[in-house]
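S.K.: What follows is the residue order along each chain.
Number of protein chains: 4
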Amino acid sequence: MPFNYTRTIRFQDTDAAGVVYFANVLAICHEAYEESLAASGINLKLFFSNPEVAIPIVHTSVDFFRPMFCGDKVTILITPRQINEEKFEIAYQINLVEQTSAKAITKHVCINPISRIKRVLPGEIIRWLSHWNDDDTPLL
Amino acid sequence: MPFNYTRTIRFQDTDAAGVVYFANVLAICHEAYEESLAASGINLKLFFSNPEVAIPIVHTSVDFFRPMFCGDKVTILITPRQINEEKFEIAYQINLVEQTSAKAITKHVCINPISRIKRVLPGEIIRWLSHWNDDDTPLL
Amino acid sequence: MPFNYTRTIRFQDTDAAGVVYFANVLAICHEAYEESLAASGINLKLFFSNPEVAIPIVHTSVDFFRPMFCGDKVTILITPRQINEEKFEIAYQINLVEQTSAKAITKHVCINPISRIKRVLPGEIIRWLSHWNDDDTPLL
Amino acid sequence: MPFNYTRTIRFQDTDAAGVVYFANVLAICHEAYEESLAASGINLKLFFSNPEVAIPIVHTSVDFFRPMFCGDKVTILITPRQINEEKFEIAYQINLVEQTSAKAITKHVCINPISRIKRVLPGEIIRWLSHWNDDDTPLL
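Chains as they are written, first to last, in the numbering used here: chain A, 894 to 1033; chain B, 894 to 1033; chain C, 894 to 1033; chain D, 894 to 1033.
Mixed in with the good hints there might be a few duds.
You can't tell identical chains apart in this list, so a pair holds if it fits in one copy or across any two.
Okay, derived cross-link-like pairs now, DSSO-like style, lysine-lysine, Cα gap no bigger than 27 Å in a straight line [as the list claims (entries may be wrong)]:
1. 938 / 1011
2. 966 / 980
3. 980 / 996
4. 1011 / 1000
5. 980 / 1011
Bear in mind the hints are in silico, worked out from the structure with no lab data behind them.
Note that the structure is a prediction, hence the values are computed from the model and not measured.
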């Protein structure tokens, strides 16, 4: 079951072309990711300041189909998927009414934030993955 | 009756000190302003791209009392007040649970965005002011 | 000849993990693009508010290799390349001392900003492409 | 002797009104502050991640006089001034050619970032204050 997050486009998200600045689309996707973490019971403050586990983004890509304007109420559909013991990816689809404005992907790898050495994903992320995964057959 | 807006602090709002970056507090206040405009029936897309009327901010101030962290659910209480035919100000109070994290003020002046000459506030802003004004006796 | 842009990482670019927020890497790349436009004689104010020509980004991807910290002086090497009469792409490499922190790509398509219909790239962009192109044999 | 910092306005700094988004003016001021710290020999990475000393902003105000556009090359003149053993303030003037676009103030208080209890300003900040102070007679 994918996770849905609804977000109003803010004046701050726009640039002088009158539409959402391209890099801000990724920040909007990350908001949906944060909201999905919270919805599966993860404490965001502890999660993002954990001195032993960090899960930075190592790759991202975005395809932009339609401009988004201040006041637009977009829905972000997010589908996480485990890649291996240390990695997952998230697919995002940003929709406005019946049309897709953008699609994005982020790939995340779990590390120790001090040594920056890879480590296995923590249990709460495994649960989050199974919570919002679209698929009955995990890749692992 | 002041307007209330609830907003989760996002990872993007924070800086390397682990708390909300000071200037982002104003962006959060502006979101509350946008939401109050929408709540009184104003179309945000048309409002912020109107070629004949713009209402830029000419002054702002903020007092910061407590740091805000990723995941915090803050409530922004906003109280607009008309100053004269061309100007209004908004007082913002950002609260977390029972404590105030920050207080801010923005002052706005109505202009023609091409000539940048002052003009009277449009009717929809006068209605918005009366909608969320805390006071029975307007300053005007 | 690729274009070089040097940029200090700012406190604002960072997040609570202590390093540059992933989406801000794209904003830093876009700064390098703007600087390369200016360096080939393009007036940025007119370019980004031209009512007849806009060149929005339709695709982007980033690979993140190393975290960037506040105060780091990174160099962004940018190499634009024409794809066809209406499109170009830019490859970005962000280096810190001798190591690559991130690599990114943006693809841009030229449109009329009102109708959003594709049109040929303007002459100043063709000159910019030939100015900073790494290659003697354009793709076109 | 005040400190001067020159900065090109970026597309990212603007909003759909075509000019710099109001809160971004403060981020531009903070960049000038960071550059003045670096210019007096302070290591920004260590300064902004020091586990024993943090100097958060407790108050800010801005007056906006003229809009700033993408491509504008503004100069930020900054004048720091010590208030007492634990506090300083910075006055900022943002100029474009011969005209002032904005004036701002930030007030900073030195704390232990864990306990958030006030402490005296570190030696490197005292030296920075004397380096860029406009005045021969410190307030202290």
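S.K.: Against the structure, test the hints numbered earlier, and report the numbers of the ones violated in rising order.
M.R.: Violated hint (a single one): 2; every other hint is consistent with the structure.
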